[in-house]
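Trainee: Chains G, Z and P are the protein sequences, given in the same order.
No gaps in the numbering here: position 137 of the first sequence is 137 in the numbering used here, and each next residue is one more.
No gaps in the numbering here: position 109 of the second sequence is 109 in the numbering used here, and each next residue is one more.
No gaps in the numbering here: position 148 of the third sequence is 148 in the numbering used here, and each next residue is one more.
These aren't lab readings, by the way, just hints derived from the structure by calculation.
Wrong hints could be hidden among the right ones.
Note that identical chains are pooled: a pair holds if it fits in a single copy or bridges any two copies.
[As the list claims (entries may be wrong)] DSBU-like mimics (lysine-lysine), calculated; alpha carbons at most 30 angstroms apart, straight line:
| id | residue 1 | residue 2 |
| --- | --- | --- |
| 1 | Lys18 | Lys171 |
| 2 | Lys42 | Lys136 |
| 3 | Lys31 | Lys136 |
| 4 | Lys67 | Lys171 |
| 5 | Lys32 | Lys67 |
| 6 | Lys83 | Lys180 |
| 7 | Lys139 | Lys109 |
| 8 | Lys109 | Lys206 |
| 9 | Lys180 | Lys42 |
| 10 | Lys171 | Lys127 |
| 11 | Lys31 | Lys42 |
| 12 | Lys31 | Lys206 |
| 13 | Lys127 | Lys32 |
| 14 | Lys136 | Lys32 |
| 15 | Lys136 | Lys171 |
| 16 | Lys67 | Lys42 |
Read off the chains here:
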Amino acid sequence: MKFRFLPQETNFFDLFAKQADYAVDAASSFKKIVMAGLHDEKSLTEMHDVEHLGDEVAHDIFERLNKTFITPFDREDIHSLAKELDDIIDMLYTITNHLRVYNIRGVDKNLVEFASVIEESVQSVAKAVKGLRNMKNAKTVLEACVEINRLENVGDSMRDSVVANLFETSKDPIFVIKWKETYQDAETVLDICEDVAHIVASIILKQA
Amino acid sequence: MKFRFLPQETNFFDLFAKQADYAVDAASSFKKIVMAGLHDEKSLTEMHDVEHLGDEVAHDIFERLNKTFITPFDREDIHSLAKELDDIIDMLYTITNHLRVYNIRGVDKNLVEFASVIEESVQSVAKAVKGLRNMKNAKTVLEACVEINRLENVGDSMRDSVVANLFETSKDPIFVIKWKETYQDAETVLDICEDVAHIVASIILKQA
Amino acid sequence: MKFRFLPQETNFFDLFAKQADYAVDAASSFKKIVMAGLHDEKSLTEMHDVEHLGDEVAHDIFERLNKTFITPFDREDIHSLAKELDDIIDMLYTITNHLRVYNIRGVDKNLVEFASVIEESVQSVAKAVKGLRNMKNAKTVLEACVEINRLENVGDSMRDSVVANLFETSKDPIFVIKWKETYQDAETVLDICEDVAHIVASIILKQA
């Protein structure tokens, strides 16, 4: 919590662009980490740094929102958008932290596939959020939202399939506990991306 | 996401009645499915269809809310009510999907009992939500809310009792993982119904 | 749900002070219970009573908020604050109930440590919330918020460490299921305290 006098004009679009970039960084780090299969303290520092930067920009948005009278779109949408973008990063950090705490080792091809879908989805999230700056981008933004929804459906099927397979094939309950949570959390990242898409689409629709 | 010009007057009460009916449909399907003990792809299609219809009406409410200046009650209450009603249906779909993904077979008498209590509660939810149309129904609506709260308490005790019994009697951790989650999720449906009751009671109180 | 005519002037600060005191009571009861290692019906009655009293004051705040036109700070902040304080108490009740339902017996030194950190954090929550009454307290309130954040970080490390240790040392999956959830839920109490700190700090900042 930092306290300072804020300038009269806050460019929320710049702050959201920054936050979206951190989300993309988090998704890329996540993919790199699960592809390397290294979930040690060192490999997590990078993810933790992004999580911290993401936190800072989210709090910056919340603070400035409290001090700003005229906002480019509905206050509650600004708040929700900043919160959900932060949630994407937090969830990726949580999964990575679980990989370390649960002492999960090696490369899991299902998790790598999830990480790829998550990276694609978060890239579309960034495209959608950055496009809000100008209503001329409405079409591109809404297409990105459709793509995010599509990837959420892909993720749903993937999770159902890998979790079903986990219960079918694994006889080790501890293994099941760890991976069931990991796969379900990975899919949750895509759910949060979909929440962002809903907020973004709703902002566009209100201004249409 | 569909985009269209909306008529000036939206009857939110009609949309909520529709959404409440879908919630009742979902609760009925859920009861039918657990009573039959069939959790295959085919038996889930019906539930998925209801979930899809529920999604559509929820998004319809959100969109119209964005375009409507005069609403029959507080905007945030309209939003919360649509969201919670959607959550009831989503949660029922999630449980049904887990029954399939976790490959749970056969009829479980505890789950059947949960399904009955859920059906009763969702029927009261529909009564409460539909009654909002006219303040003359205030007494009936509030009675339905009291009934929903009562059923939530019933559900709490049921869940505690069946989960305690699960830990006492089962030696199979995989079985415990599956059923602990299923019973807890079933009780969560009743929690969401109680959230609806709180919103509805609050709407009535504000207008009293 | 009780219905009555409300006086014109509601002192929300008094109600929040009451709610904060119940949260402190809940945290103290929780510590006492886990230190005694008794998780039977009788020892839970006390916790349940606090939970009930907490519920009543939360609903009182929500009702009065609906009937009050002039509030000492933003309506949504009053709502969020009452909700989060209620969530602290609910979560403590949930954990205690799980200890009974999961038939966990004896004293666990990790849980005792969590209970101590939770008690400290909730005491800081009470200090922060009660300080809102007067902007002269701003510095003390913000210091309490910093302390709550610090304790949340402490809790994060504790949870990671005890859960990692649980997976390393326990060969009993049922034991893992019970304790993983218990430790994670204990840390969640500290997360909710941190949410309160954010709301309180934001209220102070808006008035600065």
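Trainee: So which hints don't hold here, by number, going up?
Mentor: Numbers 1, 2, 3, 4, 5, 7, 8, 10, 12, 14, 15, 16, in rising order.
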